[in-house]
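Participant: Each chain is listed here by its residues.
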Amino acid sequence: MIAELGHYALVLALGLALVQSVVPIIGVRARDAVLMGVAEPTALAQFGFVTFAFGALVACYVTSDFSVATVFENSHSAMPLVYKITSAWGNHEGSMLLWVLILAVFGSLVALFSGNLPDELRATVLAVQSWIMAAFLLFILLTSNPFARLAEAPFEGRDLNPVLQDPGLAIHPPLLYLGYVGFSISFSFAIAALLEGRIDAAWARWVRPWILAAWMFLTVGIAMGSYWAYYTLGWGGWWFWDPVENASLMPWLAGTALLHSALVMEKREALKVWTILLAILTFSLSLIGTFLVRSGVLSSVHAFASDPMRGIFILAILVVFIGGALALYAWRAPLLKQGGLFAPISREGALVLNNLFLTAACATVFVGTLYPLALEAVTGEKISVGAPFFDATFGPLLVLLLLAVPFGPLMSWKRGDLLAVSQRLLGAFAAAGFGILVTLAVQGRPALAALGIGLGLFVIAGAITDLVERTGLLRAPPATVVQRAVGLPRSAWGAALAHIGLGLTLLGIIGETQWGSERIVSLKPEQHVAIGNYDLTFEGTVTRDGPNYRELAATFAVQRGGEFIGMMQPSKRTFATRSTTTTEAALMMQGVSQLYLSLGDPGPDGSVTVRLYYKPLVLLIWLGAVVMMLGGAMSLSDRRLRVGAPKPGKRKSEMQPAE
Amino acid sequence: MTLLRLLVLCGVLFGTPAAFAVEPNEVLADPALEERARSLSRTLRCMVCQNQSIDDSAAPLAHDLRVLVRERLKAGDSDPQVLDFLVARYGEFVLLKPRLEWQTALLWLTPLMVLIAGTIAVIAAVRRQHRAPGADKLSAAEEARISELMKSVGD
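The listed protein sequences correspond, in order, to chains D and B.
According to my numbering, the first sequence is numbered sequentially starting from 39.
According to my numbering, the second sequence is numbered sequentially starting from 198.
Extracted from the complex, chain D is given alone in its bound form:
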């Protein structure tokens, strides 16, 4: 019964979405406030129905109702409760429902927190949101119904893929989808602006918090996915340039560019047309990302045809939304007036440079991901594009971008002075140079790695320089510094933090890739394996039972420089239902570095094969992403205050008298 109610709630939500797609637009045309006002309650009601449907699905999983097909396929009565819940979205149908739920959350948030928007704009934005909603609900109802029943209910489920039985599944997909779907709002705003043929700095101010929020979620969502892969896959990699990862990286790159170009638009009314295009592209890439992953087209062109209905539906949604948006853009964008002039050497110029590199990086990932597919479709020839390609192309672009990062925030708007900025960055240059020398002295080769460390330090020190300059630290009396620090807009703190995070991630990447070491050995009890300063003694194995698996765990005593510092216990879990095995690597933190130990097959003589890594600075990769997210949160708190304020701040009113 509960499954049918959930299904019915989805149908009702679709009905509401169709109403919300049409009526507010008619209202805008007819200048009818009542019709425009329809969008708000329908958005909230949609949220209610979709939440109910999602709750119903989770209830089916929690109660192990195996008469529901997706529950039978992806759940098991012996699973711990948390995995029963998360397995609701650990499959195609459920994850699409999660996508729609998050879309409904964003839709209702726009309805609730857009009181300061002009009525027409709000009505149009909500209507466009609803087009997306309607398309996805139709997709779920027609091709991917998570509530479909089986004629005869099986006694037991087939279990969730053991790899997914991990807390990562509770965190990674929801965060990623919050990011993907969050960009739908800037998309809707862009479409609304094109439909109205009008756009100004106020538009950028309304849309920026949504971009920031989506970007934050996507940043930390990608980082979480990377960490998850790192600790479960058992071979210590954290980024594989896998098409599925690239699918999430592309919207992140475009979204980062959007974040920066919207800044220019908000402060200087420049780059309007470009910002609109980026908003469209970012969400288009989110859609492509979602669907590339969901349609299976990436693994092979042929997988696409395994479910023709789904494949064609996906293609239709992509064509309608991306094609439609770009056509609208081509038609209406020339109507938008350009504003704000600036010299090439200026804050605006620096942000244009940022956009140029990010766009090129995004295009590289896009082409690299889809080229093999396209080539196979056209010539039938199969090629591979993997990590070495991206290292050779994406890498240099990112290095150039990072070199420019510290200059941007220090430039003045309209017309900057490169020489003066370079002088103010002397401290950062010094920090980078010092870092390079120390790295060379301590680690020796490779020289390129030392330069990488220098670059990371340059980015971090550059961001700190910005804060030092703005607060007058080192120059002004302490009281003034404190006063200025408090008075500094939170967005300035946020930008500095985000850039510091970027530098930290780079340091982590350099450390892990350049100085990481690895040992692969077969050990008998009481034998040792050494890596760097560390020495591990294999003490023996134990077998134990988990809720739905058997586990073989090996115990190792870890010594550093002859001193005992702890135990590590990697294990292998065998899940009987799917007769599959997972590796649970043991991780030991040493500051921001890690020892990583994973277990291979046990030998007949009581020996085990282990793969042992020492990964210097590796934790910085993900900590950097968390710092980036905190920077975004800091900026967002600033924006929310200002956006929520009934009257713009003093400085604002001077800049935008027309509002």
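It is worth saying that the hints were derived from the structure and are not from the lab.
One should not assume that every hint holds.
Simulated DEER-style distance windows between Cβ atoms [unchecked claim]:
1. B/285 with D/452: 58 to 66 Å
2. B/320 with D/67: 39 to 47 Å
3. B/318 with D/118: 49 to 57 Å
4. B/318 with D/522: 34 to 42 Å
Some chain B residues well away from chain D (every beta-carbon gap over 12 Å; in silico) [said to hold, decoys possible]:
5. 271
6. 286
7. 346
Computed from a predicted model, the values in this text were never measured in an experiment.
Quick reminder that beta carbons are idealized off the backbone N, C-alpha and C, glycines included.
Given the structure of chain D, go ahead and fit chain B onto it with the hints provided.
Facilitator: Same frame as chain D, now just chain B:
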């Protein structure tokens, strides 16, 4: 979602769950040769896997290829010779970093083309903007009004 694909396709599907990629018995005695084998392995695709190098993959085919690479190196092949040998046997598909050829030119040149096209677009936009009338220049009437105002301020 990454995990799902990577694992399902490589570990689970091919029946070698969670065995290691490089097995201890594969490792060559000569560390320099082994280092070359490892860096070559990282650029070679495990062809039955999803975008995994033979260095990462636990599939039996990856094992065979790793052994093959090491055999060629021991026989005295240079790195390009090893790659040529594998391409001759398995086609371009085996290379994770495609060679620059006519059919991959677009792939390799994309970053550069986007940068160049972007730069040209930016320059064109800046020029157009500066040439556009009225954007920053005042009309004759406005100039006159300003000089009037300036005069009145000066008085």
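Participant: Look at each hint and say if it fits the structure.
Facilitator: So, going through the hints one by one against the coordinates:
no., hint, result
1, B/285 with D/452: 58 to 66 Å, "holds (60 Å)"
2, B/320 with D/67: 39 to 47 Å, "holds (40 Å)"
3, B/318 with D/118: 49 to 57 Å, "holds (54 Å)"
4, B/318 with D/522: 34 to 42 Å, "holds (39 Å)"
5, 271, "holds (19 Å)"
6, 286, "holds (14 Å)"
7, 346, "holds (19 Å)"
The structure fails none of the hints (numbered hints given earlier).
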